[in-house]
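S.K.: Under the numbering used here, the first residue of the sequence shown is numbered 32, with each subsequent residue one higher.
Calculated directly from the structure, the hints in this document are not laboratory data.
One or more of the hints may lead you astray.
Here are the computed distance ranges between Cβ atoms for each label pair [claimed, not checked]:
| hint | residue 1 | residue 2 | range |
| --- | --- | --- | --- |
| 1 | V462 | A310 | 53 to 59 angstroms |
| 2 | V418 | A310 | 50 to 56 angstroms |
| 3 | A502 | C470 | 40 to 46 angstroms |
| 4 | Q226 | R447 | 40 to 46 angstroms |
| 5 | L463 | A58 | 48 to 54 angstroms |
| 6 | S311 | K190 | 35 to 41 angstroms |
| 7 | A58 | L456 | 45 to 51 angstroms |
| 8 | R68 | L456 | 25 to 31 angstroms |
| 9 | A502 | L196 | 24 to 30 angstroms |
| 10 | E73 | G249 | 46 to 52 angstroms |
| 11 | V80 | I315 | 39 to 45 angstroms |
| 12 | L169 | K197 | 22 to 28 angstroms |
| 13 | I90 | P435 | 24 to 30 angstroms |
The beta carbon of each residue, even a glycine, is placed where N, CA and C say it ideally should be.
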Amino acid sequence: MVSGMIRVLPYGMLPLAPILVLALTAASVLLLVSLFRKSGREAGILALVGTLMAGAITIRFLQLGLFLRRVSGALVLDRFALLFSLLFLATAAVTILASISFVIGEGKDLGEYFVLILTSVLGMILMASSENLLVIFLGLEILSLSLYTLAGFTRDREKSVEAALKYFLLGAFSTAFILYGVALLYGATRSIDLQGIVRVFSVPLDAAIDSRAFVGMGLVLVGFAFKVGAVPFHFWIPDVYQGAPTPVAGFMAAGTKTAALAMILRVFLVGFQGPRVVASWVSILTLLAIATMTVGNVVALAQTNIKRMLAYSSVAHAGYLMVGVIVSSDRGSRQGALSAIAYYLAGYIFMNLGAFTVVSLLGRRAAEEEEGYSLYDYSGLARRQPVLAALMTAFMLSLTGIPPMAGFLGKFFLFRAAVDGRFYLLAIVGVLNSVIGACYYLRVVVHMYMKEASTAEPGPTLTVSETLSLAACLFFTLYLGLLPRGFLEMARSLL
Numbered sequence: 032m033v034s035g036m037i038r039v040l041p042y043g044m045l046p047l048a049p050i051l052v053l054a055l056t057a058a059s060v061l062l063l064v065s066l067f068r069k070s071g072r073e074a075g076i077l078a079l080v081g082t083l084m085a086g087a088i089t090i091r092f093l094q095l096g097l098f099l100r101r102v103s104g105a106l107v108l109d110r111f112a113l114l115f116s117l118l119f120l121a122t123a124a125v126t127i128l129a130s131i132s133f134v135i136g137e138g139k140d141l142g143e144y145f146v147l148i149l150t151s152v153l154g155m156i157l158m159a160s161s162e163n164l165l166v167i168f169l170g171l172e173i174l175s176l177s178l179y180t181l182a183g184f185t186r187d188r189e190k191s192v193e194a195a196l197k198y199f200l201l202g203a204f205s206t207a208f209i210l211y212g213v214a215l216l217y218g219a220t221r222s223i224d225l226q227g228i229v230r231v232f233s234v235p236l237d238a239a240i241d242s243r244a245f246v247g248m249g250l251v252l253v254g255f256a257f258k259v260g261a262v263p264f265h266f267w268i269p270d271v272y273q274g275a276p277t278p279v280a281g282f283m284a285a286g287t288k289t290a291a292l293a294m295i296l297r298v299f300l301v302g303f304q305g306p307r308v309v310a311s312w313v314s315i316l317t318l319l320a321i322a323t324m325t326v327g328n329v330v331a332l333a334q335t336n337i338k339r340m341l342a343y344s345s346v347a348h349a350g351y352l353m354v355g356v357i358v359s360s361d362r363g364s365r366q367g368a369l370s371a372i373a374y375y376l377a378g379y380i381f382m383n384l385g386a387f388t389v390v391s392l393l394g395r396r397a398a399e400e401e402e403g404y405s406l407y408d409y410s411g412l413a414r415r416q417p418v419l420a421a422l423m424t425a426f427m428l429s430l431t432g433i434p435p436m437a438g439f440l441g442k443f444f445l446f447r448a449a450v451d452g453r454f455y456l457l458a459i460v461g462v463l464n465s466v467i468g469a470c471y472y473l474r475v476v477v478h479m480y481m482k483e484a485s486t487a488e489p490g491p492t493l494t495v496s497e498t499l500s501l502a503a504c505l506f507f508t509l510y511l512g513l514l515p516r517g518f519l520e521m522a523r524s525l526l
């Protein structure tokens, strides 16, 4: 079926196939919810089918070796774009499965939720599939506008509306940095194409052009740092994750971080090259990475709200991933660093979405907004809900970095790449921060198994979609940890 769809499209349109499938699916879901009220379940199933179909097309492109470039780099279907598109689609599929019950219940059965998930993924794919700064910016805005709405989807909850407003205001502020930075780069290089920018950066510049180019690059870096949640541009993350619907918070933590990393890698490794240029952004990113790892982990230690703890945890993981970006600046270490980043992200997506899905289940029936999200609500969970406790334990162990979970090898490959590239300080700081992170992850396990239950309620009943979502997260968390060679070899061949 997928091969037949590929043959129908003109050769020049092939790069658009996954995007077209997602766009048509989003339009179909929107039509469905317009014609039929209370169609959240059907909208979710249709969105899932479209997402899986786009994933199948992407995998087929990889098998056929279809790597194309459009005019001026506006859309690039290369190995990098296809691999990250698979990660985006996997994130969306798991999120859709985990969200169907939420949409039917708290979401007032509004199927528009799934339209926003699909348009978010469209934006992510554009961000990873272009070497044109305006197209990357367009993808970023498509993603951001969808997420602003998703964050405030439960309009009857004050914290959800507050989260959406904070995210919108700070997101618009960071967007202004990126746009002004792009304008300065265009003024200095006369190009918004990354290949054109790198040609200018590769030769000596006069003082006026040089200053504009470096200021523009700095502004773009600030905007990107906000999107990935790097310190000191992370202040929006805990409030937004706490206030947003829990499935949305998980989608933001996994999907937005992956898309932001793809955008950073594309822009910095393709466009921002040249000896002086690389040295400048590596120095800045090194400081940001150390601060992000340390602040994220240390502040997470003080959290008793599980969503805020996972929010600061996501900040720390952004710091770990920035280590990979820094190591990839060295051409000799680039392939190892990029494959380590891809592996880390693949594992992080599933263990993070799994953890947020468990949190969503336990907080779903809470009468009050904050009830169900306290660390103390997890006390005695192993006796009340042993399956959920076991799943949460697996995801916490993986986030900690304990074998045989994917999180262990993710950190191992990342820090080994740092050592191989002689970035010893980053490797040492990363390992020390992993030890700090273990304290708050394992604290959740201690509460579930070694504390008295705070309530006698039996806990939620899993639906079919939630069971499939958690099963997929657990399977891939274990599979990537026990059998990493297949994914690593694929990543090395594609990056």
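S.K.: Hint by hint, note whether the structure agrees.
M.R.: Hints versus structure:
no.	hint	result
1	V462 - A310: 53 to 59 angstroms	25 angstroms, violated
2	V418 - A310: 50 to 56 angstroms	52 angstroms, holds
3	A502 - C470: 40 to 46 angstroms	29 angstroms, violated
4	Q226 - R447: 40 to 46 angstroms	32 angstroms, violated
5	L463 - A58: 48 to 54 angstroms	49 angstroms, holds
6	S311 - K190: 35 to 41 angstroms	40 angstroms, holds
7	A58 - L456: 45 to 51 angstroms	50 angstroms, holds
8	R68 - L456: 25 to 31 angstroms	58 angstroms, violated
9	A502 - L196: 24 to 30 angstroms	36 angstroms, violated
10	E73 - G249: 46 to 52 angstroms	48 angstroms, holds
11	V80 - I315: 39 to 45 angstroms	43 angstroms, holds
12	L169 - K197: 22 to 28 angstroms	24 angstroms, holds
13	I90 - P435: 24 to 30 angstroms	26 angstroms, holds
In terms of the numbered hints stated before, the structure departs from hints 1, 3, 4, 8, 9, listed from lowest to highest.
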